[in-house]
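Peer 1: One letter stands for each residue in the lines below.
Protein chains: 2
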Amino acid sequence: MPHHVKSGDNPDLTKERKAATFNAEDLSAFLYGSKEKVERRREISRIVASDPDFSNTPPLEFIDREKRIDVQAKKTRRLLGKIHELIDFTNDDERELLFTEVFVSDGFPIFLHFAMFLPVLQGQAHEEMADEWLSKAMNIEIIGTYAQTEMGHGTNLKELETIATYDKQNEEFVLHTPTRSATKWWPGNLGKMANYAIVTAQLHIDGKSYGPHNFFVQLRSENDHRPMAGITVGDIGPKMGANGIDNGFLALDRVRIPRTRMLMKYVKVAPDGTYTPPLHSKVNYGGMVHVRAHMVTSMATYLSMAATIATRYSAIRRQGRIEPNLPEVQVIDYQTQQYRLFPQIARAYACLLSGSEVEDLYKKTVQGLNRGEADLLPDLHALTSALKSVCSFSCATAVEQCRMACGGHGYSMASGIPNLYTFAIAGCTYEGENMVMLQQAARYLMKSLDKTARGEPLSYSVEFLGKKMETRSNVGLHKNNQKEEIEALLCSFEHIATRLTVVASQKLQNRMKMGESKERAWNGATVEMNKAARVYARLFIARSFARRVASSPASVRPVLTDLLSLYLHYECVDMTHHLLHDGYCNGEQIEYLKQRIYDDLAKIRPNAVALVDAFDHSDRLLNSVLGRRDGNVYEALFQWAKASELNYTDVLPAFDHIKQMMEENRAKI
Amino acid sequence: MPHHVKSGDNPDLTKERKAATFNAEDLSAFLYGSKEKVERRREISRIVASDPDFSNTPPLEFIDREKRIDVQAKKTRRLLGKIHELIDFTNDDERELLFTEVFVSDGFPIFLHFAMFLPVLQGQAHEEMADEWLSKAMNIEIIGTYAQTEMGHGTNLKELETIATYDKQNEEFVLHTPTRSATKWWPGNLGKMANYAIVTAQLHIDGKSYGPHNFFVQLRSENDHRPMAGITVGDIGPKMGANGIDNGFLALDRVRIPRTRMLMKYVKVAPDGTYTPPLHSKVNYGGMVHVRAHMVTSMATYLSMAATIATRYSAIRRQGRIEPNLPEVQVIDYQTQQYRLFPQIARAYACLLSGSEVEDLYKKTVQGLNRGEADLLPDLHALTSALKSVCSFSCATAVEQCRMACGGHGYSMASGIPNLYTFAIAGCTYEGENMVMLQQAARYLMKSLDKTARGEPLSYSVEFLGKKMETRSNVGLHKNNQKEEIEALLCSFEHIATRLTVVASQKLQNRMKMGESKERAWNGATVEMNKAARVYARLFIARSFARRVASSPASVRPVLTDLLSLYLHYECVDMTHHLLHDGYCNGEQIEYLKQRIYDDLAKIRPNAVALVDAFDHSDRLLNSVLGRRDGNVYEALFQWAKASELNYTDVLPAFDHIKQMMEENRAKI
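Protein sequences appear in the order of chains A and B. Read in order, the letters of the first sequence are residues 1 to 669 in full-length UniProt numbering. Read in order, the letters of the second sequence are residues 1 to 669 in full-length UniProt numbering.
These are calculated hints, taken from the structure and not from any lab test. There may be inaccurate statements among the hints.
Remember, identical chains collapse to one label, so a pair may be satisfied in a single copy or spanning two.
Said to hold, decoys possible - Here are the simulated DSSO-like cross-link-like pairs (lysine-lysine), alpha carbons at most 27 Å apart as the crow flies:
1. Lys-513 to Lys-603
2. Lys-136 to Lys-268
3. Lys-531 to Lys-447
4. Lys-642 to Lys-67
5. Lys-363 to Lys-35
6. Lys-594 to Lys-531
7. Lys-74 to Lys-531
8. Lys-507 to Lys-603
9. Lys-136 to Lys-642
10. Lys-74 to Lys-6
11. Lys-451 to Lys-603
12. Lys-74 to Lys-668
13. Lys-642 to Lys-74
14. Lys-659 to Lys-74
15. Lys-479 to Lys-507
16. Lys-136 to Lys-594
17. Lys-668 to Lys-479
18. Lys-136 to Lys-668
19. Lys-518 to Lys-158
20. Lys-594 to Lys-518
What you are looking at is a predicted structure, and each value in this text was computed from that prediction instead of being measured.
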């Protein structure tokens, strides 16, 4: 009996689970590393779900922002009170999983503390500062955040306006917000929760600017939480999503801090104002790379949750008939529904497996850095920039497709998907705006292309640029050899990535030849540049997905191969114009690719529910009436709605206005 | 001096407005029909903005659902008290504009009353019912809604589960909700506001079912608003958007209503239970068509608002440098930003003008119907189904691009765009789920294709199917003749639409030849069917946009032609693979199309702000800090945020938990 089947389940779901051709448990084990890790996930999940301290009743989406923040703060206190009994606190994976289960994709007061404040402190604090503050921070005796972005500047950090002027006399820095647009804006937990922040400001010494540096600033009293003198701090107001978090603003009015509160592990300002620059210019490079590498996994996780919800719901929702004399069908049997949904399941797997590969690359790179070898870093930096951009947009739009596949109920917060969408789509903007990220990757592609011209060796992620390409595709020539077929598809990705890189480079060169400066020519070529960078990322996802599938256990390899095949064919058809453009493929080959999508949809159909079960998301985490494991949706939907804040009373106070209006209208006659 | 320029404006916006090559006022007049109509819009806008009864302070997005509903109910009462002084109440356009200005894209208690309840009552009530209820409804002495969709059935109306059993003895209908999934779900204003509803239920007489019919049911007491006996009614809970509206549920427990409360203009149940069917089977066809025709305009309006916000903001936002020694540039000067934004401005114009053409077609069709000629109806039905689907999705995703073009601040509710997105994307699901709508259009395409085979004449919207096509495109051959160039592009749309219709038809035929039933074969061809239907709609939008531009006044025709050119080239490039597939175009032609996009972006650049000014949306309607006419964004953003509900006090009550947690952590040491 499949693990996810229980008595009392919706029979349509049970039928689906029993019909699967593989064991979802094996796939979960592959996805999360081992059977034991899956067990541990479930254990944490069970502990949280059964602990009344972490109750989500009423659902967070029913209560206003202030109450939500209160609920999450209360949970935070209770969680911290027993966290050492629950998990190994120093294990990042366990901590992240526990936080996710407790706070369910919503903000909480110490989110930025762990995500940014602690890592930056650990990475950049000099010994004296670390001695004084690190254990307090680790022990959460203070709550910190990281205040970099300003109202007027996000992407272009060099132009941040906040100033830290060194006062030699008093050995202090004076932090100041000179204009309205210099107000720090957006940092999470800055508005109401944090009492300390690392603040990025332009360092000025003796009238000279040394660029942005980080300073350790107390924002609020540890006793009564009131803002310190010179500090104006508050919440920036409601957002499209993530409203359980207090993204904040911060203005500093000539706030003085001791010289030792600058983060001086790599740079130094001596008491007399002497400035010592960092040895390497890109000291904080690694951190950014890590955050972006990890974003591939988080975006894929949002999508895997949305795909779980939409697939389970599509299996229990019956509407309409395919054949007039048979009963209403499960909507998952409509071709349009399969075409909308199954590629998103495949995409979730592709990005999850690709994300785990890129996190491995990151670890390898860090090991290299520790040996003093920095040569892997530029490659990984370009790759993660492009991947961050492609995965955030493609996963978010895929989440939205999953939502729409649930029809009207997908629009209700009961589906849980609107929340996933607003989190995922935010990823297009934070940690580097996508268009800017793609340009960073494109610059790297240009440099690498120059290397091929000079016959220099290419780094890992751009090796394809140096490959001898066949002029014609062999797509469709290996109908009976799946391995060859997949390799042919991957070669067509490489062909497109190479061609677009060359096209962008030519556009740049042509504009320069016509007399434009390099910078202006670059701006005139950025759309083509970004197209090249996107395919560079798509190629990496495709290749790494294929590698992971090839190394998967025999029991799950067939179903993963079906997913891989769907993914590659779907992506290739989406890029058809590039294949047709220079005759790499002909129309007949494209028709074959399209037909293969339909073949793959049919192969995946019996395994669709088991494939999403294998993501192994708990009901609590999914937070979705439509995506419940047991499939008993309609009664649950009714119970959920009854608890809506508007149903506490039968008649709302607003009726007074309505009553008077109706009476006045009657009186008019 | 351009109309939209005022002293104290952000100088970047003033510079843009002065640099425009055309007069935005002329374009507004063209868009809204006349200079007088634009003036009237502004007048209504001014009246509402200056009336403290309609104040939106604090902003609706700051307050919870119950308060929002209360605020809107209060405004409703005040508005109704003086509406006859403000507008001609019977003029639908004026009423809609007034409602929009007063309630600003949010729900209000009498939204469904006007949108559905009244039209259905007017269209389907028999004389006796009309006499009793119509003036009460017109006069808003009662508040009605339209309850059709159920929890378990939206699209497939034939399977609605609510039952109306005729009780001959008592000459009553007994309305009943037999299962949980039969609960009415989603109707707007049903939850808390309406006291009457038209309820759709399966008519049963003497054990025989006659299919879904409409019944007039009292839900709540006119005095104290309590639900009537047997009525369970409430709000369905929070949604992705539109949370100012009380979408509701309704369960009926053997509720008895007199026989005369069935809507019997076209059908009849005699006291003895004799059933008289309607003369025409598709009595209510016209209403659906009208709602969908109107959706083209509303979707385009949402997009025009988002484009206004993003374009103005892109003109005042300065970030980064294109040339290192020059100041930071307006972000609108980045090629990626233009590529992201300007096609959306063009799309907004395309859909607005196309929407007005389809509304004209609707009027013509109704005039025909009144003369007893129903031959235009099937064409318009197919066209509006496809247009509804294409415009809702393309405008909503375009809104989202506008939002992301605003960077981080686009994610704040202060931008106003999240609200536009959640309204627009809902249009993909309501009034007929998009996939189903496309299939309806595709069925019509199949029928029309059969007609061409039989040499029968084709209706207006599908005439292209009978056109003799050139086998090779002449795209790019008319570089010096804009009119010919545009016609060549439109022909390529026709080529694609025809080809995809034929491909879908062949797929259907092939599956049937292989032995599948027609229905099963249809399901196996729906993805191809929907592709054909989408291009059918895109062709209509392109053609009607071109027609409207051709008939525009000389003063605005050049700038509109630039927009049209951008729109057509952009759309064609998006459909490149279809043009390359069978050699209709070659790679060189495609490169030319791509280059033309960049040419058009450059032409539009100086007119971008004036083009969005011409949409003439008031600041109140835009409800956007980023999109303010005056461009003074940063100070306004700060003031907006300060008013956030979380900033009423410096220290939230949630700090109690945080304080205790920090103290407990300190004590652990």
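Peer 1: A separate judgement is required for each hint: does it hold in the structure or not?
Peer 2: Here is what the structure says about each hint:
no., hint, verdict
1, Lys-513 to Lys-603, "between (53 Å within a copy, 22 Å between copies)"
2, Lys-136 to Lys-268, "within (23 Å within a copy, 79 Å between copies)"
3, Lys-531 to Lys-447, "within (16 Å within a copy, 40 Å between copies)"
4, Lys-642 to Lys-67, "both (20 Å within a copy, 19 Å between copies)"
5, Lys-363 to Lys-35, "within (23 Å within a copy, 65 Å between copies)"
6, Lys-594 to Lys-531, "both (23 Å within a copy, 13 Å between copies)"
7, Lys-74 to Lys-531, "neither (47 Å within a copy, 51 Å between copies)"
8, Lys-507 to Lys-603, "between (43 Å within a copy, 20 Å between copies)"
9, Lys-136 to Lys-642, "neither (45 Å within a copy, 31 Å between copies)"
10, Lys-74 to Lys-6, "neither (34 Å within a copy, 50 Å between copies)"
11, Lys-451 to Lys-603, "neither (43 Å within a copy, 37 Å between copies)"
12, Lys-74 to Lys-668, "between (54 Å within a copy, 19 Å between copies)"
13, Lys-642 to Lys-74, "both (25 Å within a copy, 25 Å between copies)"
14, Lys-659 to Lys-74, "between (41 Å within a copy, 11 Å between copies)"
15, Lys-479 to Lys-507, "between (38 Å within a copy, 21 Å between copies)"
16, Lys-136 to Lys-594, "neither (59 Å within a copy, 58 Å between copies)"
17, Lys-668 to Lys-479, "neither (78 Å within a copy, 66 Å between copies)"
18, Lys-136 to Lys-668, "between (70 Å within a copy, 11 Å between copies)"
19, Lys-518 to Lys-158, "within (21 Å within a copy, 65 Å between copies)"
20, Lys-594 to Lys-518, "between (41 Å within a copy, 22 Å between copies)"
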